[in-house]
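Please model the complete structure; the sequences and the hints are all you need to start from.
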Amino acid sequence: MQIRPLGDRVVIKRIEAVETTKSGIVLPGAAKEKPQEAEIVAVGPGTEDVKMEVTVGDRVLFSKYSGTEVKIEDKEYIILKQEEILAVIEK
Amino acid sequence: MQIRPLGDRVVIKRIEAVETTKSGIVLPGAAKEKPQEAEIVAVGPGTEDVKMEVTVGDRVLFSKYSGTEVKIEDKEYIILKQEEILAVIEK
Amino acid sequence: MQIRPLGDRVVIKRIEAVETTKSGIVLPGAAKEKPQEAEIVAVGPGTEDVKMEVTVGDRVLFSKYSGTEVKIEDKEYIILKQEEILAVIEK
Amino acid sequence: MQIRPLGDRVVIKRIEAVETTKSGIVLPGAAKEKPQEAEIVAVGPGTEDVKMEVTVGDRVLFSKYSGTEVKIEDKEYIILKQEEILAVIEK
Amino acid sequence: MQIRPLGDRVVIKRIEAVETTKSGIVLPGAAKEKPQEAEIVAVGPGTEDVKMEVTVGDRVLFSKYSGTEVKIEDKEYIILKQEEILAVIEK
Amino acid sequence: MQIRPLGDRVVIKRIEAVETTKSGIVLPGAAKEKPQEAEIVAVGPGTEDVKMEVTVGDRVLFSKYSGTEVKIEDKEYIILKQEEILAVIEK
Amino acid sequence: MQIRPLGDRVVIKRIEAVETTKSGIVLPGAAKEKPQEAEIVAVGPGTEDVKMEVTVGDRVLFSKYSGTEVKIEDKEYIILKQEEILAVIEK
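Protein chains in written order, with the numbering used here: chain Y, 6 to 96; chain V, 6 to 96; chain B, 6 to 96; chain D, 6 to 96; chain P, 6 to 96; chain X, 6 to 96; chain F, 6 to 96.
These are calculated hints, taken from the structure and not from any lab test. Each residue gets a CB set at the ideal place from its N, CA and C atoms; glycine is no exception. Any given hint might turn out to be false.
Cross-link-like lysine-lysine pairs, in silico, BS3-like; alpha carbons within 30 angstroms at most [claimed, not checked]:
id: 1; chain 1: X; residue 1: Lys18; chain 2: F; residue 2: Lys80
id: 2; chain 1: Y; residue 1: Lys69; chain 2: V; residue 2: Lys76
id: 3; chain 1: X; residue 1: Lys69; chain 2: F; residue 2: Lys80
id: 4; chain 1: V; residue 1: Lys86; chain 2: Y; residue 2: Lys69
id: 5; chain 1: X; residue 1: Lys76; chain 2: F; residue 2: Lys86
id: 6; chain 1: B; residue 1: Lys80; chain 2: V; residue 2: Lys18
id: 7; chain 1: B; residue 1: Lys76; chain 2: V; residue 2: Lys56
id: 8; chain 1: D; residue 1: Lys56; chain 2: B; residue 2: Lys86
id: 9; chain 1: D; residue 1: Lys80; chain 2: B; residue 2: Lys69
id: 10; chain 1: P; residue 1: Lys18; chain 2: X; residue 2: Lys76
id: 11; chain 1: V; residue 1: Lys80; chain 2: Y; residue 2: Lys56
id: 12; chain 1: V; residue 1: Lys69; chain 2: V; residue 2: Lys56
id: 13; chain 1: F; residue 1: Lys96; chain 2: X; residue 2: Lys96
id: 14; chain 1: F; residue 1: Lys86; chain 2: Y; residue 2: Lys18
id: 15; chain 1: V; residue 1: Lys86; chain 2: D; residue 2: Lys86
id: 16; chain 1: F; residue 1: Lys69; chain 2: X; residue 2: Lys56
id: 17; chain 1: F; residue 1: Lys80; chain 2: Y; residue 2: Lys96
id: 18; chain 1: P; residue 1: Lys56; chain 2: X; residue 2: Lys69
Quick look at which bits of chain X chain F covers, simulated, 3 or more residues with Cβ under 8 angstroms [unchecked claim]:
id: 19; segment: 8-20
id: 20; segment: 60-70
The following label-pair restraints were derived from C-beta to C-beta distances [said to hold, decoys possible]:
id: 21; chain 1: Y; residue 1: Ser68; chain 2: B; residue 2: Asp79; range: 53 to 59 angstroms
id: 22; chain 1: P; residue 1: Gln7; chain 2: X; residue 2: Glu81; range: 26 to 32 angstroms
id: 23; chain 1: F; residue 1: Lys96; chain 2: Y; residue 2: Lys18; range: 52 to 58 angstroms
Given below as structure tokens:
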């Protein structure tokens, strides 16, 4: 099953921030400080006014609470408009 | 009797999520977790600004509370603008 | 006396839903479940932006509370914009 | 003294509804049921976007509370935009 | 000193309504009933969207509370957009 | 250090109204009555929609509370859009 | 890792105002009076409607609370639209 967003919407998946210390110990408690990171899962076709600037796989920042949360096959996604994405994080 | 939506509106029918275990037992109690799935029942002609991107039979996600609930011949439908549909679920 | 709506407005008359049992008995108490049905009584000329899609006699669905109620010669009408009509019910 | 409304505004005068019984007795108490009827007193030149559809002398329906009440030479008028006029009553 | 309003603004001076009886006695107490009359004192150049329809000296009606009150050389003026002027009173 | 406002913004400096009596005595207490006067300190380049109508040195009236107060090198300025300037005072 | 803002957004870094007395003593307590200064860290490509007027390294003034705070690799940034930047401070 796949999700095809309409218009200038994208589907994103929130990234569970995991912090690893130098010794390799995972500190999940530190995750609370990065609530706005996500990965692009699907990109709509755009509209006459909006050209899509992101692609599947991009890591992005988005403002908390924007978009609509949906749950498909037990996984949680957020569907929002590209306008609500603030920036792409390049590695 | 048929419903013909005006402009860029569509008529959808909420999908009653039924969960079936491997042994085939239906678990209707699990239905509460997918409140935003629906099937397109009728599609308006669109407007000069909005081209219709969905067709009758599409399974779609829509944000809770959007649109207007109507009851025709004892069945409940929701009429909303295509803009309020978030994504199409492809099988 | 006739009502001529301006611009993209239409005049509608709420349909009093009457339920008839198989034996022909009218059950007006059941009427509360269809509050959004009406018949088009008059149609404005439209505007440069809005082409009229409904005609006099159409049975339509409209969202509760939209439009303005007026009383002319002891009959109640609702004047609203075509935009506020959700769909036409075809028989 | 005359009032010349600007742009797409019109000046209207609320019609005091008087009810006359068959025997000719006036029942002013019944007037409370028609609060939205008025006569067009003056019509603005319109704007580039709005062409005037009403003329002086037209009897119109308008939504209660729209417009601004003004008092000139002891008579009360309402100045509103043509947009706020719902329909013309034709006799 | 002169005031030059910008864009589609005008400067008006509220008219203190004075009522004179036939015997010539001024009744300033009656002034409370005409709070919306003013005289145009200065007219802006207009904008690409708004052509000025009033000229200095016009007596106009404006809706109470619109615009901004300013005090220059001990005189009170109101600066508002032409849009907020309802009508010109012609004598 | 200089401030360069972006787009259709201007930087203004509130004028401290000082009243001088004929004998030359300054009455700063009278200053409270002219809170909306300012001098233009810097003018943005304008935008495609907005052509700048004011120049550095102009004395202007602006509506109280509009714009954002900033403090640079211990001096207070207000940055606002030209749209928020009501009028130029010519001497 | 780099941040690439979308559309007409920019990424800024709040400047910690440090006050140095003539004798060279830093007075961080004085920092509270300049909360709106920042340095441009990244600039989006702009949109069809908005041409970018700032560049990386510009010192700018922005209105408090505008934009969204994000934290990347333990550093705090603010992402906002160029529209929310008031002025560039030139040295």
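Results for each hint:
1. Distance restraint check for X:Lys18 and F:Lys80: the Cα-Cα separation of roughly 35 angstroms exceeds the 30 angstroms cut-off, and the hinted pair is therefore not satisfied.
2. In summary, the hint linking Y:Lys69 to V:Lys76 is not supported, as the alpha carbons are separated by about 36 angstroms, beyond the 30 angstroms threshold.
3. Our distance criterion of 30 angstroms between C-alpha atoms is broken by X:Lys69 and F:Lys80, whose separation comes to about 37 angstroms.
4. Of the pairs offered as hints, the one joining V:Lys86 and Y:Lys69 holds, with about 26 angstroms between alpha carbons and a cut-off of 30 angstroms not exceeded.
5. The suggested pairing of X:Lys76 with F:Lys86 holds, with an alpha-carbon distance near 22 angstroms, which does not exceed 30 angstroms.
6. A hinted pair counts as satisfied when its Cα atoms are at most 30 angstroms apart, and B:Lys80 with V:Lys18 does not qualify at roughly 35 angstroms.
7. Using a Cα cut-off of 30 angstroms, the hinted pair B:Lys76 and V:Lys56 is violated, with the two alpha carbons roughly 39 angstroms apart.
8. Restraint check: the Cα-Cα separation between D:Lys56 and B:Lys86 comes to about 18 angstroms, which is no more than 30 angstroms; the hinted pair holds.
9. Taken as a hint, the D:Lys80 and B:Lys69 pair is broken in the structure, with Cα atoms around 37 angstroms apart against an allowance of 30 angstroms.
10. Simply put, P:Lys18 and X:Lys76 have alpha-carbon atoms about 36 angstroms apart, too far for the 30 angstroms limit, and the pair is violated.
11. Proximity of V:Lys80 to Y:Lys56 is assessed by CA-CA distance (about 40 angstroms); at most 30 angstroms being required, the pair is judged violated.
12. Restraint check for V:Lys69 and V:Lys56: the C-alpha separation of about 23 angstroms stays at or below 30 angstroms, so the hint holds.
13. The straight-line distance between the Cα atoms of F:Lys96 and X:Lys96 is roughly 33 angstroms, outside the 30 angstroms bound, and the hint therefore fails.
14. Of the pairs offered as hints, the one joining F:Lys86 and Y:Lys18 holds, with about 24 angstroms between alpha carbons and a cut-off of 30 angstroms not exceeded.
15. Between the alpha carbons of V:Lys86 and D:Lys86 the distance comes to roughly 29 angstroms, so the proposed pair stays at or under 30 angstroms and holds.
16. At roughly 27 angstroms between alpha-carbon atoms, F:Lys69 and X:Lys56 fall within 30 angstroms of each other, so this suggested pair holds.
17. Annotation: proposed proximity of F:Lys80 to Y:Lys96 holds, straight-line Cα distance about 16 angstroms (limit 30 angstroms).
18. Straight-line distance between C-alpha atoms of P:Lys56 and X:Lys69 comes to about 27 angstroms, which keeps the hinted pair within the 30 angstroms bound.
19. Chain F is given as covering the segment 8-20 of chain X, and this holds because 7 residues of the stretch bring a CB closer than 8 angstroms to a CB of that chain, at least three being needed.
20. With 0 residues bearing a CB less than 8 angstroms from a CB of chain F, the segment 60-70 of chain X misses the requirement of three and the coverage assertion fails.
21. Checked against the hint of 53 to 59 angstroms, the pair Y:Ser68 and B:Asp79 passes, with Cβ atoms roughly 55 angstroms apart.
22. Separated by about 28 angstroms at the C-beta atoms, P:Gln7 and X:Glu81 satisfy the suggested range of 26 to 32 angstroms.
23. Distance hint check for F:Lys96 and Y:Lys18: the Cβ-Cβ separation is about 44 angstroms, which falls outside the suggested range of 52 to 58 angstroms.
Figure legend: structure checked against the earlier numbered hints; hints not met, in rising order: 1, 2, 3, 6, 7, 9, 10, 11, 13, 20 and 23.
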